[in-house]
Structures are given as C-alpha cells and as structure tokens.
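Line order of the protein sequences matches chains E and Z.
FYI, in my numbering the residues of the first sequence are 75 to 566.
FYI, in my numbering the residues of the second sequence are 98 to 196.
Heads up, some of the hints might be wrong.
What the hints assert, rightly or not - Only part of the chain Z face toward chain E is listed, based on derived beta-carbon distances under 8 Å: (1) Ala99; (2) Arg103; (3) Ala107; (4) Leu109; (5) Ile122; (6) Gly140; (7) Val164; (8) Val165; (9) Glu173.
It should be emphasised that the hints constitute simulated quantities derived from the structure, not laboratory data.
All of these numbers come straight from a predicted model, not from anything done at the bench.
From the three backbone atoms N, C-alpha and C, an ideal C-beta is built for every residue, glycine too.
Letter by letter, the chains look like this.
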Amino acid sequence: MSDVTRLTATEIAALVASGDASATEITQAHLDRIAAVDDRVHAFLHVDTEGALAAATAVDERRAAGEELGPLAGVPVAVKDIVATKGVPSTAASKILEGWRPPYDATIVTRMREAGLVMLGKTNLDEFAMGSSTEYSAYGPTFNPWDLSRIPGGSGGGSAAALAAYEAPLAVGTDTGGSIRQPAAVTGTVGAKPTYGGTSRYGLIAFSSSLDTPGPCARTVEDAALLHAVLAGHDPRDSTSIPQPVPDVVGAARRGASGDLTGVKLGLVREFAGEGAEPGVMAAFHDAVDALTKLGAEVVEISCPNFQYALPAYYLIAPSECSSNLARFDGVRYGLRVGDDGAKALEEVMSLTRESGFGAEVKRRIMIGTYALSSGYYDAYYGQAQKVRTLITRDFTSAFERVDVLISPTTPFVAFPLGARTADPYQMYLADLYTIPANLYGGPGISVPCGLSEGLPVGLQITAPTLADDRMYRVAAALESAIGTLTPGELS
Amino acid sequence: MAAISREEVAHLARLSRLAVTDQEIDLFAGQLDVILQAVARVGEVVAEDIPPTSHSVPLTNVLRDDVVQPCLTPEEALAGAPDAEEGRFRVPRILEEEA
C-alpha cells in the first residue's frame with residue numbers, strides 16, 4: 075500500500091469502510107511516522123501507542139461484526155493536551171500538571187471515541203494555551219514542518235505541526251483568541267473555531283471560560299467539517315452549550331467544493347487590510363480574493379471601526395478570567411505540591427507550588443488579570459473591556475446585515491523564527507490581531523491556506539454569524555478548490 | 098510615566114499566591130508596564146451608555162433534574178492528589194500553631 079499518512083481523513087475512512095485497510099494498519103503507519111519524525115518536530119507531548127492500537131482493534135472488530143460505522147471510523151486523531159483524556163496524561167503543557175491522569179474524558183473525547191476515531195496522543199501547546207508560538211510550553215517548543223527553525227503558531231502549534239508533518243490526518247485544538255486558526259495559517263493547514271457554545275467545554279482545562287472553544291484541525295476543509303460534525307452539539311454538562319441543531323457543515327463544505335460562489339457576498343474588513351501586515355501576506359491574500367471573485371463571489375469593503383480595540387480588550391478579558399480559573403491550581407487536589415515540609419502553612423505551600431509550577435507568561439497573565447479586576451482599576455480596565463466587547467459584537471452584526479461572511483488574512487505575518495518575539499510579550503500578542511474579534515463576538519471562524527509568502531504558508535480567515543458555521547465552510551471549500559492545498563517539502 | 102510600580106507588582110504576586118523572586122519582580126515590572134500601557138487603549142472608546150458583555154451566549158441558570166447519576170468514586174477523585182489521608186485531601190496546616 076502507498077503511504078497512508080499522506081491520505082486525507084476522508085480517504086482513510088473510505089479505505090477502512092471498504093475493508094481495503096484495517097484501522098490497525100492505518101494507526102500503526104501513523105505511529106511509525108511519529109516515531110520517525112517527532113524527535114525533530116516535537117508535536118507530541120505524549121504518544122498513547124497502546125491506547126491507540128486498542129481503539130483501532132475495537133473499530134476493526136466492530137466492522138467485522140457488521141456494525142454501521144461513522145464517517146470517520148478508524149481515522150487517527152491527535153488531541154491538544156489541554157483536553158482531559160481519561161487515564162492518559164493531560165498537562166496543559168505546564169509543570170503544575172506534570173503526570174496528571176484525569177479520571178474522566180472531555181465530552182469531545184467521548185464523542186470521538188464513539189465515532190470510532192483513534193486517539194494517537196496529546197499535542198504540545200503554549201502553557202495553558204497562553205501564547206502564539208508554542209514556545210511557552212514547559213516541555214520545549216514545537217518546530218514548524220515547513221522550516222524547523224520557525225514557530226508552528228500557537229497555542230495549538232502541536233496539533234497543527236502534527237498535521238503538516240503527516241503524523242496525524244486530523245487534530246483537535248482549542249481557540250480562545252486564535253489558537254486553532256493562527257497555527258493553521260502558519261503551517262498551511264485548515265483550522266476552524268466553531269461558534270462559541272457550539273462545541274462543549276466540558277473537560278477542557280479552563281483558560282478563559284467565556285472565550286474557550288474547541289474545534290477541528292485538518293489538512294482539507296472537508297476533513298475539518300467531518301470532525302466538526304463529530305465534536306459539535308449540545309452538552310448538558312456545559313451550561314454555555316447551545317441547545318440547537320448543529321449547522322450542516324459537511325454539506326456546506328461539499329457544496330463549496332464545486333467552486334461556485336455565485337450570490338455570496340464577502341466583506342473585506344478595511345481595518346485588517348494592510349496595517350501591521352507583511353506585504354507578502356497581503357499579496358497572497360489579495361490573490362485569493364481575486365480567486366474568490368472569479369468563483370462568482372461579490373466582494374464589498376466593510377468597516378468595523380471597533381476592531382482596533384479588540385486586541386487590548388482581549389488582553390484584559392482573557393487574563394481576568396484566567397486569574398480566576400487558575401486559582402484551582404493550589405497544590406491540593408491534583409498536580410504539583412512544593413514546600414510541604416510539615417512546618418510551612420497552607421498559604422506558603424500554595425505560593426511556592428504556583429511559583430514553581432507556572433511559567434513566566436502564565437504568571438504575567440495571572441497578575442494582569444488580578445490587576446484588571448482589583449478595586450480601583452476594575453472600571454477602567456475589565457469593565458471598559460466588556461463594553462468594547464459589546465461594540466465589537468455590534469460591528470459584526472451590522473456587517474452581517476450587508477454581507478454573508480467577513481474575510482481577512484488570518485495573521486499579520488508568516489511563521490517567524492523561534493525566539494523572535496519572546497523578549498517582548500506584547501509583540502507576541504500581535505500575532506492574534508485578526509483572530510481575536512471573532513472570539514469576543516462568539517461567531518465562528520476558519521483559516522484556510524491561500525498561498526505562500528517567502529516560501530511559507532499564508533492563511534485566509536473567514537468569519538460568519540453566530541450559528542452560521544456552514545457559511546464559512548462553503549467559502550473555505552470553494553477557495554480550496556480554486557487554489558489547492560499546500561504541501562511542505564520533506565523534513566530536513 | 099509607568100503604569101505600575103515594582104511595589105504594586107510585588108502586591109499583585111502576593112494576591113495571586115505566587116512566591117516570585119526579586120529578579121522576577123524586576124522583569125515583570127517592566128513587562129507588565131508595557132502590556133498595561135498598551136491595553137489601556139480601551140479607555141479611548143467613549144462607551145458610557147454601552148452595556149457590558151460578559152458572554153456571547155445569553156446566560157441563564159441551567160438546572161438538571163434532581164436525579165442521582167454516576168460520579169467519581171472517592172479513590173478516583175483522590176487519585177491525582179499530592180497527598181490524601183482517610184479518604185480526604187490532606188492539606189498543610191491552615192492556622193498558625195499555638196505558642
């Protein structure tokens with residue numbers, strides 16, 4: 075058989091369904107690929123060889139018994155290590171959770187198991203998903219398969235790199251300010267942030283609860299849509315889960331793949347069309363806009379005047395929520411405990427544990443959040459950021475009265491060299507400039523490859539109204555049909 | 098003018114239960130100052146009459162039926178704890194010792 079690690083999830087599922095390949099063979103081929111390349115890529119924090127092969131065997135047995143299997147049965151998947159997986163280490167790339175094995179599965183993990191997906195292991199991320207390059211992982215960075223001296227984006231750099239290095243055909247990410255879409259853009263892969271509340275947060279290690287959204291990562295739009303359909307849907311265990319049917323994202327992706335966008339109105343966000351972006355990124359973006367126009371789409375320029383305040387508002391809201399969420403890491407119920415010598419009191423042990431277990435970026439964000447929520451500063455910082463959030467939502471809703479979706483580059487720059495932005499934390503934050511507004515609004519967004527700049531991938535972002543996830547898949551699949559997928563060279 | 102002083106950073110670290118070192122305070126004071134000056138831009142927006150948004154989904158209390166459901170056993174719940182004793186989480190002393 076040819077190298078199955080080069081196949082799409084859709085192709086793998088067809089092989090398994092027809093009996094031309096077993097889930098076990100497919101899984102073993104991906105485990106072999108991981109063993110061959112992951113010492114250079116470092117996409118994985120933990121490879122669950124035994125669990126993956128057991129899950130694959132179970133799929134093969136179900137098929138042999140004549141059971142009806144789902145459309146992704148037997149397809150391997152890599153899962154970001156901020157998602158709780160029963161009995162499998164879940165660290166959030168933090169020392170404070172080193173070795174923790176959750177006693178339960180996240181809802182999205184349960185859904186994938188039931189759908190017959192085979193979990194290969196857990197992927198690297200910036201600690202607690204706080205970062206844009208995966209350099210803030212406590213276990214060392216992930217390297218971009220397009221150029222191993224460059225970052226794979228973040229926080230979900232491990233999931234995106236695993237796809238680009240053909241270690242997995244599908245992956246799961248979480249997107250709080252762009253952590254699915256920005257890594258997809260800089261690795262030439264596809265990443266979608268569903269509507270907030272469209273996918274369950276139950277079992278995610280919480281960073282910013284009003285923003286965290288799990289979603290699919292893949293190498294094609296159709297594959298992303300298929301995984302989206304498995305992950306999404308109401309979950310009574312998440313109080314912010316939306317009790318409504320999931321839009322037909324798979325049907326929309328297949329419709330879009332026909333390449334006809336007649337009657338579709340795309341809004342070009344004026345505020346995100348140039349300022350702060352690399353010229354090569356803008357050139358690739360404008361070529362893609364031309365391609366979309368040739369498919370029949372109408373492009374309208376749209377002004378979203380409050381988007382310029384999205385980044386500062388986000389870097390107040392997310393740290394505020396994180397300072398509260400991360401209070402649970404107190405050295406009592408799970409994870410690390412430092413300094414418990416029998417003489418020190420609880421508060422001192424707690425402070426020593428957190429000092430030792432958290433990295434610098436996590437500490438910075440906890441302190442920023444504590445500051446923004448403290449009396450005397452609350453109104454000027456957190457309160458004002460929440461008002462800005464309202465205005466950004468209004469920008470989106472008025473834009474969607476005129477157009478079907480909004481488009482922009484996904485990120486202002488291509489993958490940068492490791493170390494280029496770690497000295498100045500705010501320079502790192504700018505990587506999320508274009509992705510953050512959708513998180514504050516709650517609507518869905520997808521990044522799809524749209525070309526190269528300096529030989530490195532550029533992503534185009536499509537954002538849609540809340541619960542209209544299908545619209546962005548249609549446009550993304552149409553663009554993919556026009557310009558194709560991006561393939562990196564062999565790992566050097 | 099700096100948005101935040103070294104003393105304020107030390108205070109924030111105490112509130113956050115982070116036993117930071119003096120070197121960290123020096124480093125963080127500069128970095129937090131840059132970040133706070135940048136995010137203070139939200140103050141440029143005139144938004145007196147604008148209601149705040151805490152959440153994109155309208156929040157209401159979500160209650161489930163009061164029916165017993167399977168849950169973790171005490172052993173499972175304690176399995177990840179740094180220290181446990183007699184089916185409970187064991188913690189360092191909370192009160193100062195008697196003189």
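Which numbered hints are broken by the structure, listed smallest first?
1, 2, 3, 5, 7 and 8
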